[in-house]
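> Using the sequences plus the hints, can you model the full thing?
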Amino acid sequence: LQSLTPIVIKYIHSKECIKTFLTNIKSPKLQPQETAEMIICLLCVLKDSARQTNQLVEDFSQSNGYLAIKDFILKNENNNEIVRNILLMLISLITNGPQEIKPQHSSGLVQLPSFHLPVPSGNGLSVRNTQAFGLVHKIFFESQNSSVCATAIDIVHSVYTCDPANYFILDKEYPLALFIEQLDRKDEVVRAKVIELVEHCVFHLNYIPCKELIGICVQMKTELASGHQDICIAGVQAAFRLLTVDSVIKDAFREVGLLDTLCYIINNLFAQYKQRSLTENEKKLTLLATDLLTVIIKGNLENARMFSDCFGARTLLSVLTVVTGEWRSSSLQLLKQLLLLASTDQYIAGVIQVISQVPPQQQLEFNVDLLKTLLGVLRESHKVRVQFRKTGGYLGLITMLLGLEGAFSKIDGTEGTVPAEALELLDFIHLIFKVLTISMRFEPSNAKYFSVEVSWDSITTVLRLSGAFGENTVVDVTQPEWKSQVSWDSITTVLRLSGAFGENTVVDVTQPEWKSQGSDLKSQLAACHSVFKMDEDIQAGSIPAEMPPSIFFASYIIRLLFNMALDNYEKMSSDVTWTSSDGSLEECIVSWTSSVLGPCHLACLTIQISPIDRSLLISTDEHENPGGDLEKEAKIPSEKAIRVAMADILRPMEWAHICVVLSRSVLKPSQASVYLNGRLVSTQKLQYIVQTAGGAATQLAQTHVVNAMIGTLPSMRRPSRLRFRLASTFLIEEPLSPEAIRSIYDLQPHYVGSLQAIGSERVSLVQEEKIVFALNGMATSEMTLAKIRTVHNKVDAEILAPHKSELCRLHYGNISVFLRVRAEDVAIESQFPFHISELYNQLIVNQKPDEGKPSPLYNVYVRNRLLNMIANSLSHSSPQLNQHMADQIVRVLGFDWIYCLLSPGVHSGTVFLALRILLALLAHPPLLGKFREGTANGGWLTDADSVVRNRAAVVLGFSVSAHGGAVGSKIDINPELQNCAGFAALEHLMAAHADKPHAYLAMLAVLVGQPVKDLRFCDNFNVDQIWTNVFGLALNSSVYEAIRSAEFCYDALIPLLAMVRACIHSGNEVVIFI
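Residue 522 in UniProt numbering sits at position 522 of the sequence shown; the count goes up by one each step and never skips.
Some hints could be false.
[Claimed, not checked] Distance ranges between label pairs, derived from CB positions:
(1) Q888 <-> R742: 15 to 23 Å
(2) E380 <-> I607: 31 to 39 Å
(3) M869 <-> T729: 39 to 47 Å
(4) S146 <-> Q888: 51 to 59 Å
(5) H876 <-> R932: 22 to 30 Å
(6) L243 <-> R51: 40 to 48 Å
[As the list claims (entries may be wrong)] Pairs of lysine-lysine, BS3-like flavour, derived with a Cα cap of 25 Å:
(7) K70 <-> K19
(8) K372 <-> K283
(9) K102 <-> K138
(10) K221 <-> K283
(11) K372 <-> K383
(12) K102 <-> K211
(13) K19 <-> K102
(14) K29 <-> K70
(15) K75 <-> K26
(16) K102 <-> K75
(17) K172 <-> K211
(18) K632 <-> K685
(19) K221 <-> K274
(20) K138 <-> K26
(21) K102 <-> K172
(22) K29 <-> K19
(23) K372 <-> K533
(24) K70 <-> K138
(25) K383 <-> K410
(26) K172 <-> K193
(27) K10 <-> K29
(28) K274 <-> K284
(29) K685 <-> K635
(30) K29 <-> K75
(31) K75 <-> K19
(32) K138 <-> K75
(33) K298 <-> K221
(34) K102 <-> K26
(35) K383 <-> K448
Treat the hints as calculated values from the structure; they're not laboratory data. C-beta atoms are modelled at their ideal positions from N, C-alpha and C, and glycine is treated no differently.
What follows is the structure, given as structure tokens:
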């Protein structure tokens, strides 16, 4: 190094020594080892000189030195030692140079929060000669020797580890993605080393190499299409390792296309699975891909949405119904995560459909697996429990029980042990009852629905059909001492106590085949009792001596019913207590508690309006009867209870704002101040709420639950003539000032916010963390800050959290303009002219002085004008704008909004315009899919249920309580109809319009998949009209061209044939054409 002075370097350059040296290297007289030593010597000189100047390195490059070394290595690639020594020496040339190279990087799709662009470390560590690194890439690209390629990747890895900045310095000219592009041409060892470089970026550089991950995804798809799986397996295994770094990696996998690639892998291998047996590699890949999908979807709402777009519920359920073993188990775990995260009910609806269609006796194992997955989701998610009810889950379970018809009658249990097939069936029924029970736990609406819609009679009917119960049941008790003992009716009495079943209930289980005298009855009842006490230990049970199998099955099934009635499934300890191991059932049950009662509840603050004189009663006394009548139970007035007279202030049919402020002081007694309509009406001394519920902490015998209850406890409800409405209610952790109370009162009862952004200045009246509990009169679901963060990204969540209830919604016009309200208006509509211009002319002619309300003619005219504006906007907009408008119409309004416009008796012009809009929407394949499945309905009814139930007076920014009478008192909404499939709905609706030619043209356009831009009105209906209006053909055009471009949608045949059927029965002239 010391001998390479500037003078020496100048001499070497002027005499072209480098060029001469390269010429000598190429001499055929030299042995490979000698040539290698010369190359290493030359690289040492170049490395040492590069610290001062690039002169010799440039001479080397201009003399094609890199090419000479590459040719030598490729010629001697079987000599591993020579190749490795030269490439190792090349590292020194790569990291030496007189000038520093700045690292550069693009921001990428997703990055780790801890990433910072590194700074080069300096000469000898940082890359300063990219041409020398290019030699490594060329050797890797051109070499056919696996060992040489592996050594080249080792050199790249060494360069990356020398300095964290080297990856970013090389990324512009020689990115790692170039090496990934060659993966399909390299062996498994080289592939593993390349993938390690990708992992190095994440683990050591805190950088997500998006380009490289995209390249791996492309390689995975390409390899799988060619029938191989090695790169796919290596890529998926690497993805698992990367997930350990940060949850942001899940977002990166979505953005680089890995999630889509995994869906492609499963689709591809599922298609192979249906044709042949999979190889071991293919089986391994299916499990890895399914498990990876489960992990990256878990807790990530955006990934779940993308999976639904790429794969969908229908395809996943198809996989589940066909595959078996470990693949099914992995797919069930994936289904569980999707059920928890899905923003729609497509997955739960698909599950219900599958369990309703697959006969349990044919695929018992599959039904058990599916129910276990569903049970796990129902335990965790309130949303899924509600969706389970709305999508027909209870009817699906009853259908499963119905599928067991005659199953037990075929089982022989004479050997005294429970047959294996009976155990499987009983476990299956046990699982169904568990699902029923868990779905109703903490969900009063589900329990009410089950009680009313399913009923006890339905359960007993389907259970009898299983063969476990006989047709006739008699308990013959002849001895007097047994007359007062248990009968099977006592079991039904116990079941009725839960309130889940009707009042007229009988369970008959004693079979005629097991008749006995009174002397034997005690032992037989004891045998039934022993079966009844098996509970979940059926696997270890045996049939008692001489007990008929049907009695055994019936006794056990009744225990399952008993557990369901008492919500006794999956408890830490059973709610049922047995006093002794013998004796009758009635004697043995001494007590039980239901989860409805729960732990010990204490009331520490009670506020009531007296039913006697309408006084406000406030009590801070602690008692064990929450919701009790303070007039009877509290001593008023006292230091713990006060009365505030309000009879002269509270008036029927008028809103009143009540605010109770409890304040505590060290020197002064605690007091309660009552404000009515923003004005202080009373201040009295009142002991403050106790800090430790139930006494001092050392005296607590059990945990006490802190709850807030508004209204009347279900156990204390009685028929009453009282009718009231409740607006927003708040429990705030600090006393409010009189000014704040007045500001809240000024908001009026229609306010639905959370006191966080009031007035034009958007000020907060109360600190958000001080609001302990809030109840909104129009809320139909719970939404906490944690839930907001799961639905929206971090930035949006911070914006939404203070203003969740104050978001405005855009609304077009009054809904009464679109939907007729009275039956007499429907009859009048059919008499109006078709065209809008004719409607306008008739409106002018028939104009009368102000009648106090719009006429039916006016309503039809305005409705059709607005619909015509929407239809024209869709017909004459650019493709991009048309797509956006169509998506917004479906999202905000839904397809069922259009169904309403197609109702029987609606004005024919309205029907024509509704069909124009529908055709414009169905021209987009994604919307056609949603229409077919019925998953895009109900948007226009958002918050409408709150109005119908008199829980809100403002919808879509408009007041609906300013008119006389109760809001929505004559309206009811059936949310189940929102899941109706599109073509099924058209089947019922279009039959009413079988006399309208344009209705046939619209359905034919959907049938042949022709995107009719503008549906034409025609008076004469013939074949030429179809070719012209549906296919857009002129009279001299080729029919073959039109037919060849058709993409048939066979579902459209359903409404079309319904119209034909209606014509046949009505004798309409259109039948002549059909």
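> For every hint, state whether the structure bears it out.
Evaluated hints:
no. : hint                      : verdict
1   : Q888 <-> R742: 15 to 23 Å : violated (41 Å)
2   : E380 <-> I607: 31 to 39 Å : holds (34 Å)
3   : M869 <-> T729: 39 to 47 Å : holds (42 Å)
4   : S146 <-> Q888: 51 to 59 Å : holds (56 Å)
5   : H876 <-> R932: 22 to 30 Å : holds (27 Å)
6   : L243 <-> R51: 40 to 48 Å  : holds (43 Å)
7   : K70 <-> K19               : holds (16 Å)
8   : K372 <-> K283             : holds (24 Å)
9   : K102 <-> K138             : holds (23 Å)
10  : K221 <-> K283             : holds (17 Å)
11  : K372 <-> K383             : holds (18 Å)
12  : K102 <-> K211             : holds (20 Å)
13  : K19 <-> K102              : violated (31 Å)
14  : K29 <-> K70               : holds (19 Å)
15  : K75 <-> K26               : holds (12 Å)
16  : K102 <-> K75              : violated (35 Å)
17  : K172 <-> K211             : holds (12 Å)
18  : K632 <-> K685             : holds (21 Å)
19  : K221 <-> K274             : holds (20 Å)
20  : K138 <-> K26              : holds (19 Å)
21  : K102 <-> K172             : holds (11 Å)
22  : K29 <-> K19               : holds (18 Å)
23  : K372 <-> K533             : holds (24 Å)
24  : K70 <-> K138              : holds (8 Å)
25  : K383 <-> K410             : violated (40 Å)
26  : K172 <-> K193             : holds (21 Å)
27  : K10 <-> K29               : violated (30 Å)
28  : K274 <-> K284             : holds (17 Å)
29  : K685 <-> K635             : holds (15 Å)
30  : K29 <-> K75               : holds (15 Å)
31  : K75 <-> K19               : holds (21 Å)
32  : K138 <-> K75              : holds (14 Å)
33  : K298 <-> K221             : holds (24 Å)
34  : K102 <-> K26              : violated (36 Å)
35  : K383 <-> K448             : holds (17 Å)
Hints 1, 13, 16, 25, 27, 34, counting from the list given before, are not met by this structure.
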